[in-house]
Amino acid sequence: MTRARWLAVIVAAIAILTIWSSLYTIAETQQVVITQFGEPIGKPIDEPGLHVKLPFVQDVNVFDKRWLEWDGSANQVPTRDKKYIWVDTYARWRIADPLRFFQRLRDERSAQSRLDDIVDGETRNVIANHDLIEVVRSSNRPFELGDAAQDVISEEAAVPVQQGREKITRMILERASAVMPDYGIEMVDVRIQRINYIDTVQAKVFDRMISERKRIADRYRSEGQGKSAEIRGRKERELKKIESEAYRRSQEIMGKADAEATTIYAAAYGRAPELYRFLRTMETYRSTVDAKSTLVLSTEGDLFRYLQSSSVPRR
Amino acid sequence: MTQDAPPLHRVRLGNDEVSRVVDDLRTTFLRGRRWIWRAIVLIIGIAALLTSYYQIEPEAVGMVTRFGRYVRTANPGPHAKLPFGMERVQKVPVERQLKQEFGFRTKRAGIQSELSKDDHTQEAIMLTGDLNVATVEWIVQYKIADPYKYLFNVRAVEDTFRLMNEAAMRQIVGDHNVTELLTIGRESIAGRAKDLLDELCKRYETGIVVQQLVLQDVDPPEPVRPSFNEVNQAIQERERAINEAWAEYNQEIPRAGGRAEQSIQAAEGFAVERVNRSMGDAQRFLALQHEYAKAPEVTRTRIYLETMTDVIPLAGKKLLIDDKTKGVLPLLDLGKADNAKQDVKP
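Protein sequences appear in the order of chains A and B. FYI, this note's numbering numbers position 136 of the first sequence as 136, with every residue one higher than the one before it. FYI, this note's numbering numbers position 329 of the second sequence as 329, with every residue one higher than the one before it.
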């Protein structure tokens, strides 16, 4: 009785262990390779849920199914135009063929180090084959420039790009992808996270930026001077125009008045020119003779004739 | 268990005793077992209750997986699930607006938020399209639109999202020059970076939807900053020079116009005067002439003599000469007064 009981307990324990060992779960994020004594058995399973395997002899090797991270460290790379830059890339990859992945790489750690070699290497190759501007720009979109900034674009930046960053990263992705199926890996994306100048280059770039800005500032200043001179010139012109027009108008007006007056005078004086001459002469005497004048008068003249004789003159 | 210990010492005493002890033991064990069973059942029951109850906050949803497989989404409120880890819940805050900062961190949010920039300049420093350098800080606000994708598609989603941000921003900034970046291009850069980020989010199937991308401080690098300020100053100077010139223009042109009007008016006045005067003179002359015609000789003599009466006394010197008297002229020193003056002067 008791022995049967013990037996029952043992059998139950073994049964539970067996069931426990033959059941396994796969999460939504997982895929597994079943191995029997270390030998992969059957196809990889990626259906999430509860699954059954042979107890004890089969092992479950779990791999992630999601997009996995790879973040490279910054590399110092020379571009084709001999600019030294730090390039920091990141990639996303997934285990596309867990069986092959398991056979070739075993785990993610070795995969990461393989990715280091491949992606860094390809990045280096591709970037070394392109000018810096190709890596920085993505298109030939013209800059919307402030008026004065137009001619301060440095020469190397003014070159139209053939590829552009997008295409260059696609190139790195393509090249890196080429070897990946061998490891059961699919590269899903490679991107340049950061590009920076190395310190010595950066210092030179800063110098260049400063001189560029100086030139822009000078341009603005001389533009200001030019514009203000232009406005002053315009002002001078306007002034001359206004003044001369006013002069012309007033001369015209006065001339017309003179003409009219002349007509009037001529009409009036024309009736008795001799009288006019006489009156006018009298007037002139009045206005010209003053204390400084010396009059030399002849007794032959009309006025003093009577000093000599009172007889009626003979005409 | 402590009850079982003393009987064990008596096991050696005898068979009767042994059987009695065993009986004792069995009864106590059975009685005790009932208690243990009850306790076990109770514990299991409580554990089952505890592991099957869960609650979802209003801002989140619960993603329920049974043996690892996604089975349903739980909305906010209290819920039950299969116990003992058969079903598990991952909460995803789908309603919350999430935010990431680049180039700085808000240390303590508040009315006057404290920001720290020290260790994050590497995130912000980047190359512009004219191969210059600038630091660009930005924030991105996003929501989790698809919790399934968010949880199950990409590992380390948040880190990936940050990398996507940095890559996208640098790609867009790389297509603008530094002047655009600092002035007119801010809006369009933020817009284009958001578009690119949207596209990447879709491609990576992160389940994230970007709501807003806003540029914060955008600056030239520290050593270059003074020269950028100089440019701004130069722009101010240009504006000032132009404004000053216009001010002068606006001051002088209307004044000149006024002066011109004045001279024209004066000319008009002159003209009116001239004509009126001539008419007056003419009228006067004609009137005189009319009367003169009646007695020309007398009138003429009268006018002559009247004039002479007025004029001759005005002259300083008068000389009367008789034509018959010759040789007076040589004796006459006409310039005497002037010569005297000249003598005194030097």
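Rather than coming from a laboratory, the hints here were simulated on the basis of the structure. A virtual CB, placed ideally from N, CA and C, is assigned to each residue, including glycine. Misleading hints may appear alongside valid ones.
Stated by the list, open to error - Within a straight-line C-alpha distance of at most 27 Å, the following computed DSS-like cross-link-like pairs (lysine-lysine) qualify:
#, chain 1, residue 1, chain 2, residue 2
1, A, 167, B, 194
2, B, 202, B, 149
3, A, 227, A, 240
4, B, 202, A, 167
5, B, 99, B, 202
6, A, 227, A, 214
7, A, 292, B, 107
8, A, 292, B, 317
9, B, 294, B, 194
10, B, 149, B, 317
11, B, 143, B, 91
12, A, 43, B, 91
13, B, 202, B, 294
14, B, 149, B, 107
15, A, 214, A, 204
As the list claims (entries may be wrong) - Derived list of chain B stretches under chain A, where covered just means 3 residues or more per stretch with a C-beta under 8 Å from a C-beta of chain A:
#, region
16, 39 to 51
17, 92 to 104
18, 174 to 184
19, 221 to 228
20, 242 to 253
21, 300 to 311
The hints, checked one at a time:
A threshold of 27 Å between alpha carbons decides the hint, and for residue 167 (chain A) with residue 194 (chain B) the separation of about 20 Å falls inside it, so the pair holds. With a C-alpha separation of about 10 Å, the suggested pairing of residue 202 (chain B) with residue 149 (chain B) holds against the 27 Å cut-off. A C-alpha spacing of about 20 Å is found between residue 227 (chain A) and residue 240 (chain A), which places the hinted pair at or below 27 Å, so the restraint holds. Using a Cα cut-off of 27 Å, the hinted pair residue 202 (chain B) and residue 167 (chain A) holds, with the two alpha carbons roughly 19 Å apart.
Taking the CA atoms of residue 99 (chain B) and residue 202 (chain B), the gap is near 18 Å; set against the 27 Å cutoff, the hint holds. At most 27 Å may separate the alpha-carbon atoms for a hinted pair to count; residue 227 (chain A) and residue 214 (chain A) meet this at roughly 20 Å. Only pairs whose Cα atoms come within 27 Å are accepted, and residue 292 (chain A) paired with residue 107 (chain B) is rejected, the gap being roughly 105 Å. Simply put, residue 292 (chain A) and residue 317 (chain B) have alpha-carbon atoms about 8 Å apart, close enough for the 27 Å limit, and the pair holds.
Under the criterion of a C-alpha separation no larger than 27 Å, the hint pairing residue 294 (chain B) with residue 194 (chain B) is inconsistent with the structure, at around 112 Å. Simply put, residue 149 (chain B) and residue 317 (chain B) have alpha-carbon atoms about 130 Å apart, too far for the 27 Å limit, and the pair is violated. Pair hint residue 143 (chain B) plus residue 91 (chain B) holds up; C-alpha atoms about 14 Å apart against a cutoff of 27 Å. A hinted pair counts as satisfied when its Cα atoms are at most 27 Å apart, and residue 43 (chain A) with residue 91 (chain B) does not qualify at roughly 33 Å.
With a C-alpha separation of about 123 Å, the suggested pair residue 202 (chain B) and residue 294 (chain B) falls outside the 27 Å cut-off, and the hint is violated. Taking the CA atoms of residue 149 (chain B) and residue 107 (chain B), the gap is about 31 Å. The hint is violated against a cut of 27 Å. This hinted pair checks out: residue 214 (chain A) and residue 204 (chain A) have alpha carbons roughly 15 Å apart, not beyond 27 Å. For a cut-off of 8 Å, the count of residues in the region 39 to 51 of chain B with a CB near a CB of chain A stands at 0, and the three-residue condition is violated.
As drawn, the region 92 to 104 of chain B meets chain A at 0 residues by the rule of a beta-carbon pair under 8 Å; below three, the given contact is violated. For a cut-off of 8 Å, the count of residues in the region 174 to 184 of chain B with a CB near a CB of chain A stands at 9, and the three-residue condition holds. Here the region 221 to 228 of chain B counts 5 residues with a CB under 8 Å from a CB of chain A, which clears the bar of 3, and the coverage holds. For the region 242 to 253 of chain B, the assignment as covered by chain A holds, since 8 residues bring a beta-carbon within under 8 Å of that chain's beta-carbons and 3 suffice.
Coverage of the region 300 to 311 of chain B by chain A holds [criterion: at least 3 residues with CB-CB distance below 8 Å; count 8].
The structure is inconsistent with the numbered hints 7, 9, 10, 12, 13, 14, 16 and 17, although it conforms to all the rest.
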